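Chemist: Take a look at the letters that make up each chain.
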Amino acid sequence: MIHFRVECPAHVWLKRLRPDQAPGKIMVVSVKVEGLSAFLEAVEKHKGKTIFALFTGSHDAQGKSWCPDCVSADPVVEECVKGAPEDAVFITCSVGDRATWKDQTNDFRTHDKLKLTSVPTLMRWGTPQRLMEEDCAKSNLVSMLFEED
Amino acid sequence: MPPVTANGADLKAAIQKYIADNKVMMFSKSYCPFCKKIKDLFNSLNLTYTALELDQIENGGDLQNALHELSGQKTVPNVYIKQEHIGGCDDTLKLHADAKLLPMVSESTTTYDYDLIVIGGGSGGLAASKEAGKLGKKVLVCDFVKPSPIGTTWGLGGTCVNVGCIPKKLMHQAALLGHSIDDSRKFGWEVSEGVKHNWNTMKDAIQGHIGSLNWGYRVALRDKDVKYENAYAEFVDPHTIKTVNRRGKENTATAERFLVAVGMRPRYPDIPGAKEYGITSDDLFSLPYCPGKTLVVGASYVALECAGFLRGVGLDTTVMVRSILLRGFDQQMAEKVGEYMEKGGMKFIRGCVPTKVERLEEGQPGKLRVTGVQDGKEVVWEGNTILFGIGRDAVTEGIHLEKAGVKFNTKNGKVYGNDEEQTNQPHIYAIGDVLEGKLELTPVAIQAGRLLAQRLYGGAKAKTDYVNVPTTVFTPLEYGACGLSEEDAIAKYGEDNIEVYHSNFMPLEWTVPGYDPNDCYAKVICNRQDNERVVGFHVLGPNAGEITQGYGAAMKCGMTKAQLDTTIGIHPTNAEIFTTLDITKGSGEDPTKTGC
Numbered sequence: 001m002i003h004f005r006v007e008c009p010a011h012v013w014l015k016r017l018r019p020d021q022a023p024g025k026i027m028v029v030s031v032k033v034e035g036l037s038a039f040l041e042a043v044e045k046h047k048g049k050t051i052f053a054l055f056t057g058s059h060d061a062q063g064k065s066w067c068p069d070c071v072s073a074d075p076v077v078e079e080c081v082k083g084a085p086e087d088a089v090f091i092t093c094s095v096g097d098r099a100t101w102k103d104q105t106n107d108f109r110t111h112d113k114l115k116l117t118s119v120p121t122l123m124r125w126g127t128p129q130r131l132m133e134e135d136c137a138k139s140n141l142v143s144m145l146f147e148e149d
Numbered sequence: 001m002p003p004v005t006a007n008g009a010d011l012k013a014a015i016q017k018y019i020a021d022n023k024v025m026m027f028s029k030s031y032c033p034f035c036k037k038i039k040d041l042f043n044s045l046n047l048t049y050t051a052l053e054l055d056q057i058e059n060g061g062d063l064q065n066a067l068h069e070l071s072g073q074k075t076v077p078n079v080y081i082k083q084e085h086i087g088g089c090d091d092t093l094k095l096h097a098d099a100k101l102l103p104m105v106s107e108s109t110t111t112y113d114y115d116l117i118v119i120g121g122g123s124g125g126l127a128a129s130k131e132a133g134k135l136g137k138k139v140l141v142c143d144f145v146k147p148s149p150i151g152t153t154w155g156l157g158g159t160c161v162n163v164g165c166i167p168k169k170l171m172h173q174a175a176l177l178g179h180s181i182d183d184s185r186k187f188g189w190e191v192s193e194g195v196k197h198n199w200n201t202m203k204d205a206i207q208g209h210i211g212s213l214n215w216g217y218r219v220a221l222r223d224k225d226v227k228y229e230n231a232y233a234e235f236v237d238p239h240t241i242k243t244v245n246r247r248g249k250e251n252t253a254t255a256e257r258f259l260v261a262v263g264m265r266p267r268y269p270d271i272p273g274a275k276e277y278g279i280t281s282d283d284l285f286s287l288p289y290c291p292g293k294t295l296v297v298g299a300s301y302v303a304l305e306c307a308g309f310l311r312g313v314g315l316d317t318t319v320m321v322r323s324i325l326l327r328g329f330d331q332q333m334a335e336k337v338g339e340y341m342e343k344g345g346m347k348f349i350r351g352c353v354p355t356k357v358e359r360l361e362e363g364q365p366g367k368l369r370v371t372g373v374q375d376g377k378e379v380v381w382e383g384n385t386i387l388f389g390i391g392r393d394a395v396t397e398g399i400h401l402e403k404a405g406v407k408f409n410t411k412n413g414k415v416y417g418n419d420e421e422q423t424n425q426p427h428i429y430a431i432g433d434v435l436e437g438k439l440e441l442t443p444v445a446i447q448a449g450r451l452l453a454q455r456l457y458g459g460a461k462a463k464t465d466y467v468n469v470p471t472t473v474f475t476p477l478e479y480g481a482c483g484l485s486e487e488d489a490i491a492k493y494g495e496d497n498i499e500v501y502h503s504n505f506m507p508l509e510w511t512v513p514g515y516d517p518n519d520c521y522a523k524v525i526c527n528r529q530d531n532e533r534v535v536g537f538h539v540l541g542p543n544a545g546e547i548t549q550g551y552g553a554a555m556k557c558g559m560t561k562a563q564l565d566t567t568i569g570i571h572p573t574n575a576e577i578f579t580t581l582d583i584t585k586g587s588g589e590d591p592t593k594t595g596c
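For the protein sequence lines, the chains are F and B, in the order given.
Note that the UniProt record's numbering has the first sequence beginning at 1, numbered continuously upward.
Note that the UniProt record's numbering has the second sequence beginning at 1, numbered continuously upward.
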């Protein structure tokens, strides 16, 4: 897997999946960010493309997530994102640790374009299409979000 | 045996699962001689059946109660065949004596792609398909919006969500807020005088909400494994439909049963320029520009609601009315609705119909000239937008009901159904606006869809009750009604047999801004032959919808005038007026308020 750092000041990583993961198909660009400002920068950078975003609980030093629904969503989302349109960008955004997220005044909850109420939240950016909590682990729903507009 | 499940709702679901999972299902008691008789019958016929012995499970009594609620039958044996409730011992024996038992059980030789195909993804179709999906059935919903003449189209959910109840109530709210801004100055808010309304801000916010509802429906269908196709469906034969999607791709699908829930679309008058330059409620809520000076043609509730909020957001609005306002509604109330609108600056051209629409200038909005005829004289209106609200037609024309052998009213396209929403073709049903002679209301369609699916697939018996359905017209001053109009009550019971109690009232909130104390009005119509039972409830005032809903429940319980009188009001509210109605229309006493 080729990892390379983007010229973004925040911890923005850009990952390209190997072509052999879906023969003959250009894969979705996958981006990982942490925090709201990094997320908004990533959105700005990919303006004009179809953007999907997954807001998820962050992992601790041991790589464990505090959010069980996020953990069960991960493999489903990872599988279904393969069906996304070719020009799509998939941004995974970590919303921080449990205490940060539970703070009702946190940016993700209050930002006008997000107004998140739960993690995980998976959305097609700029549309009302979003899935929350255990719905993010249902492959029939997740694939609908990625594949049909 | 262990208990089947814990609480009442779950018990019913458990029973429904038994009924759904077993072709011949019998609820029984091991010692019951009648049950034994039926078991012997089934055995002699070599029928495979499932018997749940209620005396051998821990909560058999609760289960029997739940079964009673579901089937209307208290005793055992309680027999279901292919999810159809047969009844008890005698009923089952009779079925066999009539030689109907075996044919009913025998496997049908045809297999279909779906158990149920629903044509139309509006309130009714979605409710039915979700319920059927929940009961384990294989369901397909076909929904397709043919663009309006000016090209407006929308997503899943039907009229209510996209071009009806939802956007109109929100635009009504926009209008009420404007009114509140004026009031607020009297209450001390120093709001500047130059406050303006922005159409596109309102439209975008409302469309955003609608988009999330469209998505929510798709999620709900997918979650219940109901297949959704954004394609136009038409019958090919009684068990087959052809679908065409927006790319022109054709498909066919078969089903054991069908539900026609295609709804209605606005009607255009047959005059030059109507379709070219006119819009309807199908277009208004997503109009990408402020409609400007508008002529609303028609006096249906759709017309008056649209005119009401357009005026309310500050537009010069005129309503062109052929004859009466709100046909089908109580005419005294309808006239009061109109009077209040007129006070709010609405212009009415009564006794007038349009004869042509011409475009003077292109633009968003452009400029139009509408010519009409009033008492044989020509009337000319010039402005930006003409909106037709002259009625709606069932959109059954293209779905080829005749190929399925379904009878429908050739005048209005509506489908004939019995009290179980079944058409003349026993496997084809119809619900919602498309059903002839029934109410055109979203909650009615939802109830009909849910109950129909529960009857077809959940062993339930309950039918939709189309009587005493409350409703509200969201005109600037809202009009809520439940039961009969005064005209209908007189026709049904005779003038001498009804008593009408009425009163004007003034919302407390209106005192400070100093509005007319007699704009709001309350009326109940009672049947003197039946203990003064309330057969008609009418209210004109702010939040009439909220008032009417509660009294609607009371009317379902058979509320009488005496019971209204013993009810204690909530002070200070508008709804409390109904607990103190003591002036009858017959007395000729003045029901108006003359100040304290």
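Calculated from the structure, these hints are not laboratory results.
Predicted, not measured: the structure shown is a model, and the values here were computed from it.
For glycine and all other residues, C-beta sits at the position ideal for the given N, C-alpha and C.
Warning: the hint list may mix true and false statements.
[To be verified] Cβ-Cβ distance ranges computed for the label pairs, FRET-style:
id	chain 1	residue 1	chain 2	residue 2	range
1	B	Gly351	F	Asp149	45 to 51 Å
2	B	Ala553	F	Thr127	49 to 55 Å
3	B	His209	F	Glu79	30 to 36 Å
4	F	Pro85	B	Asp270	43 to 49 Å
5	B	Glu69	F	Gln104	39 to 45 Å
6	F	Ser118	B	Pro443	27 to 33 Å
7	F	Ser37	B	Glu358	33 to 39 Å
8	B	Val195	F	Asp149	45 to 51 Å
9	B	Gly351	F	Ser118	46 to 52 Å
10	F	Gln104	B	Lys146	54 to 60 Å
11	B	Lys82	F	Lys113	49 to 55 Å
12	F	Lys64	B	Asp10	33 to 39 Å
13	B	Gly558	F	Gln104	17 to 23 Å
Chemist: I'd like to know which numbered hints this structure contradicts. Please list them from smallest to largest.
Modeler: Hints 2, 7, 8, 9, 10 and 13 contradicted; others consistent.
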